[in-house]
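Going down the list, the protein sequences come from chains A and B. Take the first sequence: its letter number 234 is residue 234 in my numbering, and every next letter is one higher. Take the second sequence: its letter number 225 is residue 225 in my numbering, and every next letter is one higher.
These are calculated hints, taken from the structure and not from any lab test. Check each hint, because a few of them may be wrong.
[Said to hold, decoys possible] Straight-line C-alpha distance at most 20 angstroms; calculated EDC-like pairs for lysine to aspartate or glutamate:
#1 Lys-306(B) x Glu-213(A)
#2 Lys-305(A) x Asp-224(B)
#3 Lys-246(B) x Glu-84(A)
#4 Lys-54(A) x Asp-28(B)
#5 Lys-95(B) x Glu-53(A)
#6 Lys-306(A) x Glu-245(B)
#7 Lys-253(B) x Glu-213(A)
#8 Lys-174(A) x Asp-229(B)
#9 Lys-253(A) x Glu-302(B)
#10 Lys-21(B) x Asp-149(B)
#11 Lys-54(A) x Glu-245(B)
Number of protein chains: 2
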Amino acid sequence: MLDDKLLRELGTLKDQVRFSKKFTIDKDFDNVVVAGMGGSGIVGRIFSELYSEKPVEVVSDYQLPKYANDRTLVIGVSYSGNTEETISVLNQAQKNNCITVAITSGGKISGMGFQTVLIPGGLQPRSSLGYMLMPILSTFLDITNNVRDATFERLKNMDEDHSKEEMLALEIFKGQRIPVIMGFFPFSWVAYRWKTQFNENSKIMAFSNYFPELNHNETMAIGDTFRRDMFEYIAFRGSSNNRIEKRIEETSKITGVDFYQVTAEGNSIIEKLFFLVHYGDYVSYHLAKLRNVDPQDVSKIELLKKRLA
Amino acid sequence: MLDDKLLRELGTLKDQVRFSKKFTIDKDFDNVVVAGMGGSGIVGRIFSELYSEKPVEVVSDYQLPKYANDRTLVIGVSYSGNTEETISVLNQAQKNNCITVAITSGGKISGMGFQTVLIPGGLQPRSSLGYMLMPILSTFLDITNNVRDATFERLKNMDEDHSKEEMLALEIFKGQRIPVIMGFFPFSWVAYRWKTQFNENSKIMAFSNYFPELNHNETMAIGDTFRRDMFEYIAFRGSSNNRIEKRIEETSKITGVDFYQVTAEGNSIIEKLFFLVHYGDYVSYHLAKLRNVDPQDVSKIELLKKRLA
């Protein structure tokens, strides 16, 4: 079957959580810039929600912020090592004497002379989230082996039984619905990760937002929009902030629209994070199967890169 | 007519550009946090794309980042002065001895004892973008009177003739389409502003993304999604980066989908910025008229606030 490869790749996420390489940062820094696009860029976004000891700016674009200097830690993340936007930022980082490090499986970036965490190649960038995220988290947060083990076990269980995820995929497929994923801190960017997995694996449009921000705009549209029944609202649940939980419930009541609820399971932020990530992985995978599209295929993205070369 | 008030409010944007109050910041700071939600929060987002002398983090949520200390400038933006999330962040800023200032038309925040730029009340927050944005830009960027005058004239012309914007509204209305606005630096958040204007004024779902990030995910979905014909893709044009211009053209070709193009007009970043903002204002206004909904109405957002009180 065409789609077996992506399924196998999804099965490696649990092992990626145990990937223990990290950076040695022996200089003081005042702020952090993480450069990366798409499946690599999401790594910086997720990190920025988990780490708040210093300002973190994520650049998914060509330009390094002007303030970046020798007290700025720049982390370039590019699975292929050949992403033109990320290379552009890293070149500027070099000129500005930033403290620059990289995560990549090879390519040009691996030869730029930075301290580099080399990760295994041969996967889709979006299937390597753990390999790209864990070196950053391991460097800056204290992630115990217990947390890694519990996360491993949870993901392993999901690999063995993803029937709930398949059910959600079926619901989306039957209604030919466009998913709108509603996250909350510190998982707002996990909602965006779902969006991108729907885009790349299932080849459907999908969007994300988060509570409480969406209460200041989208809340006026959900119940009254045209094409009202074409959206599948998916709300993450299990915030430790009860104001957020209450917002989710009241928003559903006030708009008159039911949200499909996915509660973050786990005993730590890291475990909940990977649970939610993997849940979205499997929903998007099953939706690809139902639609009979190849979840592995990213030919249009590749074609665009070629035409721009 | 029900909707006259919002139309009158839109007509004040040109004058807001000449609003010249600013902050006196006499302490050194290392980084900036802008706190604000929805129509107030967008102010910080737009600022963060125009200013890169220091790290700027925009918080549209409850929590101040841990790093914020007496070398952090915190700018609270809340039109009403009563936004619970923003007040929560400002309370934490006070505890952390941050250098804290505020922009508001009144409410609780005006009594918290911060250096405050008071702006005129009686408008919708989303109709006060200029009042909220200009004090920040005037404090940190050099905006000449020539730029303000040219921007005034351009917006005035748009107030007198918004037939192009009406045409786009009509196209969206006829197809009952969901807008997807595609921005680029430094106008990525202006695309989000359009999204929120469609949500609040027109009561329809709408979404934004930006080049080049969308080339790493959404590009796989645009041509192949189900519900393919229900989206109206609106691409900003006129980037000074020709890689971006080329990306827009190639993305349309590769996905086989035409994008409605709105070219940023003006001789300065500020003029282009307000041109794009105002363009979206009028499209969303006309769409509300076509749908026969009240663009002024934000009753569900208000009801939610009440239920949470």
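Structure-based check of each hint:
Between Lys-306(B) and Glu-213(A) the alpha-carbon distance is near 16 angstroms, which keeps this suggested pair within the 20 angstroms criterion. Of the supplied pair hints, the one linking Lys-305(A) and Asp-224(B) holds, its CA atoms being roughly 19 angstroms apart against a limit of 20 angstroms. Proposed proximity of Lys-246(B) and Glu-84(A) is supported: the alpha carbons are some 14 angstroms apart, at most 20 angstroms. Pair hint Lys-54(A) plus Asp-28(B) holds up; C-alpha atoms about 17 angstroms apart against a cutoff of 20 angstroms.
Note on Lys-95(B) and Glu-53(A): the hinted pairing holds, with a Cα-Cα distance of about 17 angstroms set against a maximum of 20 angstroms. This hinted pair checks out: Lys-306(A) and Glu-245(B) have alpha carbons roughly 16 angstroms apart, not beyond 20 angstroms. A hinted pair counts as satisfied when its Cα atoms are at most 20 angstroms apart, and Lys-253(B) with Glu-213(A) does not qualify at roughly 34 angstroms. About 18 angstroms separates the Cα atoms of Lys-174(A) and Asp-229(B), which keeps this hinted pair within 20 angstroms; it holds.
In summary, the hint linking Lys-253(A) to Glu-302(B) is supported, as the alpha carbons are separated by about 14 angstroms, within the 20 angstroms threshold. Of the pairs offered as hints, the one joining Lys-21(B) and Asp-149(B) holds, with about 16 angstroms between alpha carbons and a cut-off of 20 angstroms not exceeded. Distance check on the hinted pair: Lys-54(A) and Glu-245(B) sit about 34 angstroms apart at the alpha-carbon level, beyond 20 angstroms; violated.
Going through the hint list in order, the structure does not satisfy hints 7 and 11.
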